[in-house]
Structure formats: structure tokens, C-alpha cells
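As a plain string of letters, each chain reads:
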Amino acid sequence: NAGVTQTPKFRVLKTGQSMTLLCAQDMNHEYMYWYRQDPGMGLRLIHYSVGEGTTAKGEVPDGYNVSRLKKQNFLLGLESAAPSQTSVYFCATGIVNSPLHFGNGTRLTVT
Amino acid sequence: ELKVEQNPLFLSMQEGKNYTIYCNYSTTSDRLYWYRQDPGKSLESLFVLLSNGAVKQEGRLMASLDTKARLSTLHITAAVHDLSATYFCAVDGGLIFGTGTRLQVFP
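Chains as they are written, first to last, in the working numbering: chain A, 171 to 281; chain B, 19 to 125.
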């Protein structure tokens, strides 16, 4: 029972490169979220999903795309990475009126 | 614009002392969550507050919710070093997080 698994754990990209972060959950949760965490700014919601096949924008969606083709997976894509996207990315899952379960994070550096 | 503000942002306190962290929010949400994050780690849930007047306690931490004032508090009693971490509140099921309060407890 892995809970919420994020891959990769670390990644270094050059400006303009693309990549996809994967969040996989085995908790059968409907809701999935992608956040970024920057020093002094807490967690900011990028995109979220309330079920398979649905996605919605959060507070800071620009420069990111997401897909939820299967209930257990939520993908976050960067089409053309920029240094401003250097951050720690967290995935989380949840159900109504219950706390979120977080993955261990992906540390992304864009040079 | 929906905002969640925590204060203080940084708190350095001596072991054995008491203190309160405040979380003010601008939405009409009646659900509020508290999380803890250790340096370099992920977030773990501390409390879920689902109604006005809700109070939850775990060890030296106690959280409360006043939805009319749009205020939640996290009270620390007789702090110990193990409580050193960053504490976040969040509303609307996790859509908006506060900026966090970094707590350091020293001897």
C-alpha cells in the first residue's frame, strides 16, 4: 500500500525543455491536486481534479497542463520550462471532509 | 480574492512556553485543516475542523475554529523541541493554503 507516489523525485531541466510529473495513488480517492511550494509562499494550487476525466485550474495554472485519464493517475506537464518554475511540486489526494494525503514531492530545477 | 493569512510567519519559543498561531481566511468556508511539515519532508495532517466551534486536541496541540470570525487557532501548550516544524492551515478542502508558520522551539 504505497499511498501517493510521485515520480521523479528530482529533475533538472534546461529552459525550454518539457517534462511530465506523475502522481499515482492507490487510495481510490476522487480528488487529486498539484501544488508548488516556494520559500516563504506556502503551497499554491496549480491544477486539481475532482474525478477521472475532469480537471480545473487552481491559483497558478499558467505554464502547466494536466490530465486525469485514469482515476489513480494525475499528470502534470510543463511544455516549455522556465526558471520561474523551479520549485518543489507536491501531489495530494483526498475525499470530501477528510484531510489530504501528500506525496513526497518532486524537486525541479530549471536552468 | 480568497486569502488565507497566518501569523506569525515565524515563531521562536522556549521549551515549556505556550503560544498560539492564528489563521484568518476570507471565504465563508466551514472546513479548515491544519498540517505539519518537517524540513525537507512532505505534509502530514494534524486536524480537521468541520464546523463552527469545533475543537480538536492532540498532545500539546489544540486547534479551534470560529467560522463567524473566519478564524482558526492552533494553540501550543508547554512546547517541546519535537514540535519544531512549519504549520499550515488550509480552507476549502485544500484549495487555498496559508503561507505557513515556521516554529522553532529552543531549550
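Derived from the structure by calculation, the hints contain no laboratory data. Think of the CB as a built atom: it goes at the ideal place given N, C-alpha and C, for glycine as much as any other residue. Any given hint could turn out to be false.
Estimated spans, in silico, between C-beta atoms of each pair [what the hints assert, rightly or not]:
hint: 1; chain 1: B; residue 1: 20; chain 2: A; residue 2: 256; range: 21 to 27 angstroms
hint: 2; chain 1: B; residue 1: 36; chain 2: A; residue 2: 247; range: 44 to 50 angstroms
hint: 3; chain 1: B; residue 1: 46; chain 2: A; residue 2: 180; range: 39 to 45 angstroms
hint: 4; chain 1: B; residue 1: 74; chain 2: A; residue 2: 196; range: 23 to 29 angstroms
hint: 5; chain 1: A; residue 1: 235; chain 2: B; residue 2: 20; range: 22 to 28 angstroms
hint: 6; chain 1: B; residue 1: 28; chain 2: A; residue 2: 253; range: 24 to 30 angstroms
hint: 7; chain 1: B; residue 1: 69; chain 2: A; residue 2: 252; range: 40 to 46 angstroms
If you want the footprint, here are the derived chain B segments under chain A, 3+ residues with CB under 8 angstroms [as the list claims (entries may be wrong)]:
hint: 8; segment: 74–82
hint: 9; segment: 89–103
hint: 10; segment: 111–125
DSBU-like mimics (lysine-lysine), calculated; alpha carbons at most 35 angstroms apart, straight line [what the hints assert, rightly or not]:
hint: 11; chain 1: B; residue 1: 74; chain 2: A; residue 2: 184
hint: 12; chain 1: A; residue 1: 241; chain 2: B; residue 2: 35
hint: 13; chain 1: B; residue 1: 59; chain 2: A; residue 2: 179
hint: 14; chain 1: A; residue 1: 184; chain 2: B; residue 2: 86
hint: 15; chain 1: B; residue 1: 35; chain 2: A; residue 2: 227
hint: 16; chain 1: B; residue 1: 59; chain 2: A; residue 2: 241
hint: 17; chain 1: B; residue 1: 21; chain 2: A; residue 2: 240
hint: 18; chain 1: B; residue 1: 86; chain 2: A; residue 2: 179
hint: 19; chain 1: A; residue 1: 227; chain 2: B; residue 2: 74
hint: 20; chain 1: A; residue 1: 240; chain 2: B; residue 2: 86
hint: 21; chain 1: B; residue 1: 21; chain 2: A; residue 2: 184
hint: 22; chain 1: A; residue 1: 179; chain 2: B; residue 2: 74
hint: 23; chain 1: B; residue 1: 74; chain 2: A; residue 2: 241
Do the hints match the structure? See the list:
no.	hint	in the structure
1	B:20 with A:256: 21 to 27 angstroms	26 angstroms, holds
2	B:36 with A:247: 44 to 50 angstroms	47 angstroms, holds
3	B:46 with A:180: 39 to 45 angstroms	40 angstroms, holds
4	B:74 with A:196: 23 to 29 angstroms	28 angstroms, holds
5	A:235 with B:20: 22 to 28 angstroms	23 angstroms, holds
6	B:28 with A:253: 24 to 30 angstroms	27 angstroms, holds
7	B:69 with A:252: 40 to 46 angstroms	43 angstroms, holds
8	74–82	violated (count 0)
9	89–103	violated (count 0)
10	111–125	holds (count 8)
11	B:74 with A:184	46 angstroms, violated
12	A:241 with B:35	46 angstroms, violated
13	B:59 with A:179	12 angstroms, holds
14	A:184 with B:86	48 angstroms, violated
15	B:35 with A:227	42 angstroms, violated
16	B:59 with A:241	26 angstroms, holds
17	B:21 with A:240	32 angstroms, holds
18	B:86 with A:179	41 angstroms, violated
19	A:227 with B:74	32 angstroms, holds
20	A:240 with B:86	39 angstroms, violated
21	B:21 with A:184	33 angstroms, holds
22	A:179 with B:74	34 angstroms, holds
23	B:74 with A:241	32 angstroms, holds
The structure shown violates the earlier hints numbered 8, 9, 11, 12, 14, 15, 18, 20.
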